[in-house]
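Asker: Note that the protein sequences, when read in sequence, are chains B and Z. When you read off a place in the first sequence, starting at 1, and then add 10, the result is the number in this note's numbering. When you read off a place in the second sequence, starting at 1, and then add 68, the result is the number in this note's numbering.
Hints listed in this document are in silico derivations from the structure and should not be mistaken for laboratory results. What you are looking at is a predicted structure, and each value in this text was computed from that prediction instead of being measured. Glycine is no exception: its CB is placed at the ideal position from the N, C-alpha and C atoms. There's no promise every hint is true.
Claimed, not checked - Sample of chain Z residues lacking proximity to chain B, with all beta carbon distances greater than 10 Å (derived):
no., residue
1, Val91
2, Gly138
3, Thr160
4, Ile250
5, Ala263
6, Asn273
7, Met412
8, Glu428
What the hints assert, rightly or not - Beta-carbon label-pair distances, calculated as ranges:
no., chain 1, residue 1, chain 2, residue 2, range
9, Z, Thr167, B, Gly262, 52 to 60 Å
10, B, Tyr250, Z, Pro208, 45 to 53 Å
11, B, Gly262, Z, Asn319, 25 to 33 Å
12, B, His152, Z, Arg359, 13 to 21 Å
13, Z, Phe370, B, Lys28, 52 to 60 Å
14, Z, Met412, B, Ala255, 31 to 39 Å
15, B, His152, Z, Gln307, 19 to 27 Å
16, B, Met142, Z, Leu371, 36 to 44 Å
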Amino acid sequence: MTEAYIYDAVRTPRGKKKNGSLHEITALQLATQQLQAVRDRNALDTALVDDVILGCVTPVGEQGADIARTAVIDAGYAQTTAGFQINRFCASALEACNLGAAKVMCGEADFVIAGGVEAMSRVPMGMDGGAMGIDPSISFDHNIVPQGVSADLIATKYGFSRDDVDAYAMESQKRAAKAWKEGRFKNSVVPVKDQLGLTILDHDEHMRPGTDMQSLGGLNSAFQALSEFVGLDSVAIQRYPEIEAINFVHTGGNSSGIVDGASAVLIGSKEAGEKAGLKPRARFRSMASIGSEPTIMLTGPVTVTKKALAKAGMEVGDIDLYELNEAFASVVLRHMQAFDINPAIMNVNGGAIAMGHPLGATGAMILGTVLDELERSDKQTALATLCVGGGMGTATIIERV
Amino acid sequence: MKHFTLKTDKDGIALITFNSPDVSMNVLSGEVLGEILEWTDEVAANDAIKGAVITSGKDSAFCAGADLSGLGSIFGEAAKLSADERSAMLYTEFFKIHTAFRKLETCGKPVAAAINALALGGGLEITLACHYRVAASDNPKLKLGLPEAMVGVLPGGGGTQRLPRLIGAMNAFDLMLQGKQITADKALALGVIHAAVPGAELIENAKAWVKANPEAKQPWDADKFKIPGGGPYHPAGAQTFMGVSPMVRKNTYGNYPAQRYILSCVYEGLQLDIDAGLRIECRYFTKLMQRPESRNMIRSIFLSKQALDKGGRRPAGQSKGEIKKIAVIGAGFMGAGVAYVSAMAGIEVALVDVDQSAAEKGKAFTEGELGKRVQRKKMDQAKADGILARITPTTDYSVMKDADMVIEAV
Chain B
11 MTEAYIYDAV
21 RTPRGKKKNG
31 SLHEITALQL
41 ATQQLQAVRD
51 RNALDTALVD
61 DVILGCVTPV
71 GEQGADIART
81 AVIDAGYAQT
91 TAGFQINRFC
101 ASALEACNLG
111 AAKVMCGEAD
121 FVIAGGVEAM
131 SRVPMGMDGG
141 AMGIDPSISF
151 DHNIVPQGVS
161 ADLIATKYGF
171 SRDDVDAYAM
181 ESQKRAAKAW
191 KEGRFKNSVV
201 PVKDQLGLTI
211 LDHDEHMRPG
221 TDMQSLGGLN
231 SAFQALSEFV
241 GLDSVAIQRY
251 PEIEAINFVH
261 TGGNSSGIVD
271 GASAVLIGSK
281 EAGEKAGLKP
291 RARFRSMASI
301 GSEPTIMLTG
311 PVTVTKKALA
321 KAGMEVGDID
331 LYELNEAFAS
341 VVLRHMQAFD
351 INPAIMNVNG
361 GAIAMGHPLG
371 ATGAMILGTV
381 LDELERSDKQ
391 TALATLCVGG
401 GMGTATIIER
411 V
Chain Z
69 MKHFTLKTDK
79 DGIALITFNS
89 PDVSMNVLSG
99 EVLGEILEWT
109 DEVAANDAIK
119 GAVITSGKDS
129 AFCAGADLSG
139 LGSIFGEAAK
149 LSADERSAML
159 YTEFFKIHTA
169 FRKLETCGKP
179 VAAAINALAL
189 GGGLEITLAC
199 HYRVAASDNP
209 KLKLGLPEAM
219 VGVLPGGGGT
229 QRLPRLIGAM
239 NAFDLMLQGK
249 QITADKALAL
259 GVIHAAVPGA
269 ELIENAKAWV
279 KANPEAKQPW
289 DADKFKIPGG
299 GPYHPAGAQT
309 FMGVSPMVRK
319 NTYGNYPAQR
329 YILSCVYEGL
339 QLDIDAGLRI
349 ECRYFTKLMQ
359 RPESRNMIRS
369 IFLSKQALDK
379 GGRRPAGQSK
389 GEIKKIAVIG
399 AGFMGAGVAY
409 VSAMAGIEVA
419 LVDVDQSAAE
429 KGKAFTEGEL
439 GKRVQRKKMD
449 QAKADGILAR
459 ITPTTDYSVM
469 KDADMVIEAV
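Kindly produce the complete structure, drawing on both the sequences and the hints.
Answerer: Here you go:
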């Protein structure tokens with residue numbers, strides 16, 4: 011089978027939701043500028059790109075009607091490049107990369123660009139409706155609760171205190187600040203230009219580098235009031251009767267930030283890269299997606315990590331760096347607990363708690379981030395994964411070439 | 069017609085009076101539905117009739133709901149069929165009420181309900197199929213509601229479709245899921261009825277409305293109808309639907325299919341027009357009526373309880389006992405409580421303890437509880453004094469002599 015390689019990975023800086031710099035930039039522009047960056051950085055003849063796959067979790071309004079093909083046209087790509095949008099919730103962009111790699115592996119495509127876009131300040135979460143939380147035949151019969159309640163359920167079930175999750179959040183802020191200070195993201199971050207072509211944002215603006223345990227400790231639970239008002243805690247406990255009461259530990263400070271952003275990864279075969287004069291940076295070693303129990307919902311990374319490792323014929327210890335999306339602190343803490351992973355190799359440069367989580371774009375962002383870090387620290391193998399709504403999980407193992 | 073009379077006045081307004089013979093309350097049965105179709109046809113076809121007012125000839129109730137005891141024979145027939153045939157047969161049977169009510173509200177002439185007394189379940193649902201509802205404001209026993217879920221049933225006469233289209237999903241859920249029974253004033257405030265007037269003016273008010281509204285149409289049959297508060301995928305309506313499922317699961321632990329199916333009736337029905345919505349409701353009703361939970365609840369909580377309340381187990385010739393006075397031995401926590409609830413129920417209580425101060429302390433509990441009621445304006449002082457006077461604290465066991473019952477609470 012043909013091997014699939016990563017040739018380049020770019021992302022926007024992440025703009026915060028409230029008074030954020032990217033609020034004035036359309037979702038289409040975010041995607042378009044990333045496609046243009048991939049083309050321009052690699053002097054790529056876009057006629058060689060067979061397909062563009064973009065993740066997007068709220069594909070309505072300006073993000074609707076196949077934003078991938080829309081961005082292909084808008085970016086001035088060859089008209090022969092196709093495009094489609096996918097939705098695997100938070101792992102959409104990583105799933106896009108896996109799909110792109112699969113297209114290359116099976117010989118359908120030579121080059122694919124995979125990534126995602128989510129302008130969360132412009133197209134709010136939930137705008138696309140969906141039966142999951144609204145139709146009683148799913149929400150009632152299958153004990154579906156919002157993710158925040160699932161995250162608190164994980165903390166309760168696996169014994170993470172408020173101090174544990176806050177300490178993790180503080181570390182995320184510290185690592186992100188250090189990474190920015192040392193310029194560790196400079197290879198991947200492509201500043202976003204405004205309507206005049208001037209830079210409107212060149213850094214992740216959701217970060218709060220001064221965060222300490224005291225400021226985190228002062229924040230109120232993000233999910234307790236609503237949960238107890240409508241009985242979501244009871245719904246979760248009816249599925250997990252071993253739990254007496256939910257310990258509501260998550261706040262705005264130890265959960266991922268709501269931000270705007272886009273990402274793109276150039277994936278291709280060895281042959282295609284040689285023809286285009288490009289040097290591969292990493293190889294796809296294995297890929298997997300799974301479903302798991304949907305009430306606790308966010309422990310999918312544990313299950314999918316096992317599956318991806320098994321497919322690669324690897325063990326936990328064979329992975330040099332782990333990158334797990336910081337949707338909520340308890341998700342990462344549970345993952346490290348399950349596999350006894352050294353915190354020093356998990357999310358080395360911080361994550362979504364500090365920098366934000368533009369839902370449909372994050373998966374390709376963390377893949378790029380961990381590849382940069384492999385190169386910087388001269389390591390070989392990395393596993394990127396995300397927890398996913400509905401109890402799913404998606405993972406990718408890459409190794410440098 | 070056996071159950072209804074129809075009298076047309078000089079203005080051409082037909083007064084239709086529901087007054088089933090030989091029963092204390094009007095209820096909906098197959099026979100009654102047949103007659104509703106009969107007079108609806110008459111109202112629709114007779115050019116001399118300009119509109120109609122429906123009322124009840126009984127002070128006890130406008131209509132107390134469906135005749136649940138009549139379901140027995142339907143299920144007897146259904147039991148002989150295969151599962152699929154049974155569902156189809158029951159659906160056809162249960163859809164008859166929709167055919168009748170839908171015909172009524174689309175008969176082309178204004179129809180008003182003059183609700184003189186209690187209207188529950190199917191009794192309220194028939195008024196929801198009228199274009200105008202006015203209720204008597206001066207009948208303290210008049211209650212309106214859809215209490216079906218309390219006996220394991222869902223409102224199967226269009227209630228799950230018409231009520232949310234009238235007052236919004238949130239308020240409709242509130243009434244249906246807990247089977248709340250509300251006063252005319254409250255119903256007026258919620259928009260369930262259009263007016264509340266003294267009983268003596270009821271018919272006049274309803275007739276005046278019919279006269280003034282010859283083109284009456286249900287809101288949900290109007291061209292640009294919008295669901296108050298929004299449907300399941302309206303930004304505001306979505307909040308209601310996201311919240312209601314966990315709320316019901318919290319309270320029912322998933323053990324009450326009636327509440328569960330009401331959620332689906334409203335969720336699915338509000339995305340469709342009224343006719344499709346009624347088909348959805350009827351499917352869930354048919355499904356629900358085949359669930360053991362519902363059958364058992366109808367039997368235990370409704371039919372058997374009614375029979376018990378009427379003394380169904382009383383041996384023939386056994387005279388009715390009456391408790392006028394009790395003696396409670398021991399004025400501690402339990403004795404004081406027994407004394408309190410007994411005095412509240414109008415029973416004389418001798419509260420006995422080993423020393424007088426202990427007996428007095430037991431009585432003081434009732435004084436305290438009554439004081440709270442007076443303070444909250446739930447009771448006036450005179451009534452509280454009367455209740456308190458029924459309790460006699462004593463150390464004298466001889467008071468047991470003329471007690472109808474002695475309760476040992478030591």
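Asker: Which of the numbered hints are not met once you compare them with the structure shown?
Answerer: none
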